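Got chain P; can you put chain R on it based on the hints?
These protein sequences, in sequence, are chains P and R.
So the first sequence is numbered by my numbering: it starts at 1 and just counts up by one.
So the second sequence is numbered by my numbering: it starts at 1 and just counts up by one.
Hints may be right or wrong, so weigh each one.
When chains are identical, the list treats them as one kind, so a pair holds in a single copy or across two.
Claimed, not checked - List time: in silico DMTMM-like cross-link candidates among lysine to aspartate or glutamate, alpha-carbon distance up to 25 Å: (1) Lys-278 with Glu-392; (2) Lys-212 with Glu-69; (3) Lys-278 with Asp-388; (4) Lys-72 with Asp-219.
Because the hints were derived from the structure by calculation, they are not lab data.
Model, not experiment: these values are computed from the prediction.
Below are the chains, spelled out letter by letter.
Protein chains: 2
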Amino acid sequence: MTSSEDLVPDISAGVTTPAGFRAAGLAVGVKASGNPDLTLVVNDGPAEVAAGVFTTNQVKAAPVLWSQEVLKQRRLRAVVLNSGGANACTGPEGFQDSHATAEKVAAVLGVGAVEIGVCSTGLIGERLPMDKIIPGVDAVHAALARGAEASLAAATGVMTTDSKPKQAALTHADGWSVGGFAKGAGMCAPNMATMLSVMTTDAVVDADSLDKALRAAVDVTFNSLDVDGGTSTNDTLLLLSSGASGLSPDPAEFVAVLTAVARSLTRQLQRDAEGATKYVEVTVVGAIDDEQAKQTARVVAEDNLVKTALFGSDPNWGRIAMAVGRSGITMDQSRMDIAVNGVTVCRNGMRGDDRSLADLSGTDIDVHISLGMGAGRSTVYTTDLSHDYVEENSAYSS
Amino acid sequence: MTSSEDLVPDISAGVTTPAGFRAAGLAVGVKASGNPDLTLVVNDGPAEVAAGVFTTNQVKAAPVLWSQEVLKQRRLRAVVLNSGGANACTGPEGFQDSHATAEKVAAVLGVGAVEIGVCSTGLIGERLPMDKIIPGVDAVHAALARGAEASLAAATGVMTTDSKPKQAALTHADGWSVGGFAKGAGMCAPNMATMLSVMTTDAVVDADSLDKALRAAVDVTFNSLDVDGGTSTNDTLLLLSSGASGLSPDPAEFVAVLTAVARSLTRQLQRDAEGATKYVEVTVVGAIDDEQAKQTARVVAEDNLVKTALFGSDPNWGRIAMAVGRSGITMDQSRMDIAVNGVTVCRNGMRGDDRSLADLSGTDIDVHISLGMGAGRSTVYTTDLSHDYVEENSAYSS
Numbered sequence: 001m002t003s004s005e006d007l008v009p010d011i012s013a014g015v016t017t018p019a020g021f022r023a024a025g026l027a028v029g030v031k032a033s034g035n036p037d038l039t040l041v042v043n044d045g046p047a048e049v050a051a052g053v054f055t056t057n058q059v060k061a062a063p064v065l066w067s068q069e070v071l072k073q074r075r076l077r078a079v080v081l082n083s084g085g086a087n088a089c090t091g092p093e094g095f096q097d098s099h100a101t102a103e104k105v106a107a108v109l110g111v112g113a114v115e116i117g118v119c120s121t122g123l124i125g126e127r128l129p130m131d132k133i134i135p136g137v138d139a140v141h142a143a144l145a146r147g148a149e150a151s152l153a154a155a156t157g158v159m160t161t162d163s164k165p166k167q168a169a170l171t172h173a174d175g176w177s178v179g180g181f182a183k184g185a186g187m188c189a190p191n192m193a194t195m196l197s198v199m200t201t202d203a204v205v206d207a208d209s210l211d212k213a214l215r216a217a218v219d220v221t222f223n224s225l226d227v228d229g230g231t232s233t234n235d236t237l238l239l240l241s242s243g244a245s246g247l248s249p250d251p252a253e254f255v256a257v258l259t260a261v262a263r264s265l266t267r268q269l270q271r272d273a274e275g276a277t278k279y280v281e282v283t284v285v286g287a288i289d290d291e292q293a294k295q296t297a298r299v300v301a302e303d304n305l306v307k308t309a310l311f312g313s314d315p316n317w318g319r320i321a322m323a324v325g326r327s328g329i330t331m332d333q334s335r336m337d338i339a340v341n342g343v344t345v346c347r348n349g350m351r352g353d354d355r356s357l358a359d360l361s362g363t364d365i366d367v368h369i370s371l372g373m374g375a376g377r378s379t380v381y382t383t384d385l386s387h388d389y390v391e392e393n394s395a396y397s398s
Numbered sequence: 001m002t003s004s005e006d007l008v009p010d011i012s013a014g015v016t017t018p019a020g021f022r023a024a025g026l027a028v029g030v031k032a033s034g035n036p037d038l039t040l041v042v043n044d045g046p047a048e049v050a051a052g053v054f055t056t057n058q059v060k061a062a063p064v065l066w067s068q069e070v071l072k073q074r075r076l077r078a079v080v081l082n083s084g085g086a087n088a089c090t091g092p093e094g095f096q097d098s099h100a101t102a103e104k105v106a107a108v109l110g111v112g113a114v115e116i117g118v119c120s121t122g123l124i125g126e127r128l129p130m131d132k133i134i135p136g137v138d139a140v141h142a143a144l145a146r147g148a149e150a151s152l153a154a155a156t157g158v159m160t161t162d163s164k165p166k167q168a169a170l171t172h173a174d175g176w177s178v179g180g181f182a183k184g185a186g187m188c189a190p191n192m193a194t195m196l197s198v199m200t201t202d203a204v205v206d207a208d209s210l211d212k213a214l215r216a217a218v219d220v221t222f223n224s225l226d227v228d229g230g231t232s233t234n235d236t237l238l239l240l241s242s243g244a245s246g247l248s249p250d251p252a253e254f255v256a257v258l259t260a261v262a263r264s265l266t267r268q269l270q271r272d273a274e275g276a277t278k279y280v281e282v283t284v285v286g287a288i289d290d291e292q293a294k295q296t297a298r299v300v301a302e303d304n305l306v307k308t309a310l311f312g313s314d315p316n317w318g319r320i321a322m323a324v325g326r327s328g329i330t331m332d333q334s335r336m337d338i339a340v341n342g343v344t345v346c347r348n349g350m351r352g353d354d355r356s357l358a359d360l361s362g363t364d365i366d367v368h369i370s371l372g373m374g375a376g377r378s379t380v381y382t383t384d385l386s387h388d389y390v391e392e393n394s395a396y397s398s
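For reference, chain P alone in the conformation it holds in the complex (with noise of 0.2 Å):
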């Protein structure tokens, strides 16, 4: 079986590698910058299957509200996405935004609205300009092709706060391919960062296998990627199957290329974080079960005092320790080694080898816990505490 981590996406590809997709991205006048801001997506078939996950956040905004309802069938004809605006606490009015934004694109496709996926980005609170999304469908419906271009304008539609557009896509030895696109900065960080993908594929997969492979791909990317914590009311993740190349891969097959493709867009996305100067990689081994060391890893990379730690380059494992023993879970202090890269600075609970044995000059930093309890492993992908975090953060919307 192929292992996802032995294999790399090609990231000047994307939504449109698998066949039977066609994508464009357009300014249609969203952004008052002029920047690109309406991207779709349509799945020319000949299947239509789709899986998604959704916010886990209480406060949904209302395109996730509606992508939720319409994914009950598993069948999804198109995604529009816009940017410039997240549609969030934007109460019954903003649902409709969110209806007619659907039923406008069901209409250019000639098919019916429950086939379309919405998604929305952007500041939370105010209404969209919609005299500018519904001609904007046209422009955008007039405009989708296949190929390298088009992918990379959906990608680059549903910019906000990214520096560059986020995709990547990869094709079996088989023939059949997975590709996408996200933008985001981690759940909801930093900023106004809702994560929004879209993933496509021509594998013939069933809706039950597809909703299946794709949590198992999140749950190893996506969701272990936390930058502050924070969590969107807009964050979707939307999978399409078009059946296209006819091929049924083996599920576990599809499970490795699908997170492969997955985890390059993570990664993107972690290292486009806004502010970010150092890449860090979280992980606990020795945790009592899964779920324990992925609470663990998740603790340490959102304490404040970790990641200003690491953004002086500061292998300080009491801080780290601090962190682990506030997490929650089950753990023996004199059982526990911190190592950074590399260096096992705290040993059984102690220190342990000389702190300035570990070189954190670099912008990649791995921190390895080890709590000696159990088989428990897990990997979470964050980012330091920096200066421009704080200036970012701070200066949005004022």
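Showing chain R alone in chain P's frame:
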């Protein structure tokens, strides 16, 4: 009944305001800087009732393990506290150091070591310089005194990155008093800021009542301060009763006075949080119960996107709504109102009054969240997330 909110403690008085207590603080060489680093508080009785609360962190410093053990007898004759070293993650040898410190204090006082509380604060993972601490106990014992100077010296000896000593005292009209000092800037946060506090009273209070009163006071004061979610390995609060006034207060009156002094200390901690430029009160009302209200207030208080917005004087209610939604409580977004400095910027989960009406240019910010679900309420005190926070916490140990 007196409300604790109406009582104004005297911050030029402190731990020796109640009769029966002597204190001292000196520089004995634990800190390389030559600043004060050893404090001793002695209860001369006639009673020696004690209560305490400790960190919930599972990684506990040696002095915490020691003090938790001896406090089982609910009697303390003295508390010895050092700054300049946390004695955390130091293994069995570190525990022996705490034990030896207690034995030395017991010897000079002619009592048993089980009557001596021990507290430490400073960098994690380093052994204490016992060659400084043991003779230091003789010096600080020789300096024991009553009065304003002695109280201030005791409050000064525990300072780490604190910019000023923190103390308060209040004498009830009936003639009994409560006093105390504290150090730190949150429950760990920021920096190495362990929260240590010793409080004293000359009221006659039995052990059960003292413990109950302490927990009631702490819940709405120290445990409602949340600078960055940290929980130190060393957090300790010890309350000692000498009974020297001979007066037995009404239990509710005692809680009110104790709470007033604890609140004064808490506000001093909040005001001295490193890097803070804004002092924020997050109040949640209308939750299902008080516990859910506190959970919501904590998540909002710890949210980096909220904290950076407040640093930028930005009433960004969308981020507050996002934090409420991810707090895991029972809610309905259409019932949620959010007011910032008195302006209801979010009403029924949607945009309310114009955000430009909310003036956040001052140092004090009031965030008031109404959930409309029940009668639960809670207030949490926090600060913003500023450049200085990042600077001070990234530059500390390297």
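Taking the hints in turn, this is what the structure says about them:
For the homomeric pair Lys-278 and Glu-392, the shortest alpha-carbon distances inside one copy (16 Å) and between copies (18 Å) are both at most 25 Å. Taking the shortest Cα distances, Lys-212 and Glu-69 sit within 25 Å of each other inside one copy (19 Å), while across copies they are farther apart (51 Å). With identical chains, the CA atoms of Lys-278 and Asp-388 are at most 25 Å apart both within one copy (12 Å) and between copies (19 Å). Taking the shortest Cα distances, Lys-72 and Asp-219 sit within 25 Å of each other inside one copy (21 Å), while across copies they are farther apart (45 Å).
Violated hints: none; the structure is consistent with every hint.
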